[in-house]
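Colleague: Full structure from sequences and hints, please.
Protein chains in written order, with numbering that gives the first Met the number 0: chain A, 0 to 161; chain B, 0 to 158.
If you're looking for bench data, these hints aren't it; they were derived computationally from the structure. Here the structure is a predicted model, which means the values were calculated and not measured. Possibly wrong hints are sitting among the right ones.
Pairs of lysine to aspartate or glutamate, DMTMM-like flavour, derived with a Cα cap of 20 Å [what the hints assert, rightly or not]:
#1 B:154 - A:77
#2 A:150 - B:87
#3 B:154 - B:30
#4 B:154 - B:7
#5 A:150 - B:14
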Amino acid sequence: MELTPADRRLLDALEGGLPLVSRPYAVLGERAGLDEAEVTRRLAALQAAGVVKRLGLVVRHHEIGYRANAMTVMDVPDDQVDAVGERLTRAADVTLCYRRPRRLPDWPYNLFAMVHGREREAVLARIDELLAEHGLADLPHAVLFSTRRFKQRGARYRAEAA
Amino acid sequence: MTIADIHEVPLDAIDRRLIEAYQRDLPLCPEPYAAMGEALGVSEAVVLDRLHHLQERGVLSRVGAVIAPHRAGWSTLAAMAVPEERLDAVATLVNACPEVNHNYAREHRLNLWFVVTAASREAVADVLADIAERSGIGVLDLPLERAYGIDLGFKPSWS
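Modeller: Encoded structure:
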């Protein structure tokens, strides 16, 4: 789907979030120069086309007690990585699963899976289980827990910097 | 902020049901919060009050859209190996870039991980080059090549 200028204005207007008022789409429309019905119609189309992955509450995991946040990375042979990614993403505790490029020699891993849990030990045990279940235990892998959060907010696509 | 210092926010039954039901498919009717209240058996005022509360306490980043990568612009995951004694200073430098939306310290030789989002691939590359130049530390560029599955949000099991 090719984004129209109106779609772009709408996504820009949405960056800070939907206002917490009775008629939020009308307010969004005022910001984007669209009427309320056009806003909801375009949002439905953007979701259907996959441009908007989801529209709803964006929650911070740590604040609801999910403090063990493990970026699990694996070096999967190129001819298997897509199949492994598709299988891993179906596991209940894997929230996101992505393929990214290796950067040798600094970074040998090409598959990233985010696993969230309440306790570090339980998350590590779950990751071991997942790797074993999927026959991945012998592949080079690493688990990078987050230790400090410096920033977390929604993405901004507009060029704001000078 | 150290992850261990982030306090778990107590949630009531309505908070939990809002989080379970509405991380995706927010109603696209003129009064979505009223529709959500109707589905949960509470008033629009209660829904708005709980969402304000969740936002004030930091549980709710926003009610909004998660945009698919590379559809409305460009983004990348960047990583740096920062000497421990410089971590605060370099994290502050990275945070100051408006194009950076997530920035975490992680347990690895590559210990600083952040997401850069901008209007174009070139604009993202400029931000990485600028951070590398100002910090004197190389920045790995790990753009998404493929996303697997559908982003359903986060399914908590309440303790």
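Colleague: Under the criterion that the straight-line Cα-Cα distance not exceed 20 Å, is the pair residue 150 of chain A, residue 87 of chain B satisfied?
Modeller: Holds, at roughly 12 Å.
Colleague: Given the hint that residue 154 of chain B pairs with residue 77 of chain A, test it: the Cα-Cα distance must not exceed 20 Å.
Modeller: 30 Å, violated
Colleague: With a cut-off of 20 Å on the C-alpha distance, tell me whether residue 154 of chain B and residue 30 of chain B pass.
Modeller: Measuring from Cα to Cα gives roughly 26 Å; hence the hint is violated.
Colleague: Taking only the CA atoms, is the gap from residue 150 of chain A to residue 14 of chain B under or equal to 20 Å?
Modeller: Not OK: residue 150 of chain A and residue 14 of chain B at ~24 Å, beyond 20 Å, violated.
Colleague: Residue 154 of chain B and residue 7 of chain B: Cα distance at most 20 Å?
Modeller: Roughly 16 Å separates the two Cα atoms, so the pair holds.
Going down the numbered hints, you'll see the structure goes against 1, 3, 5, while the others check out.
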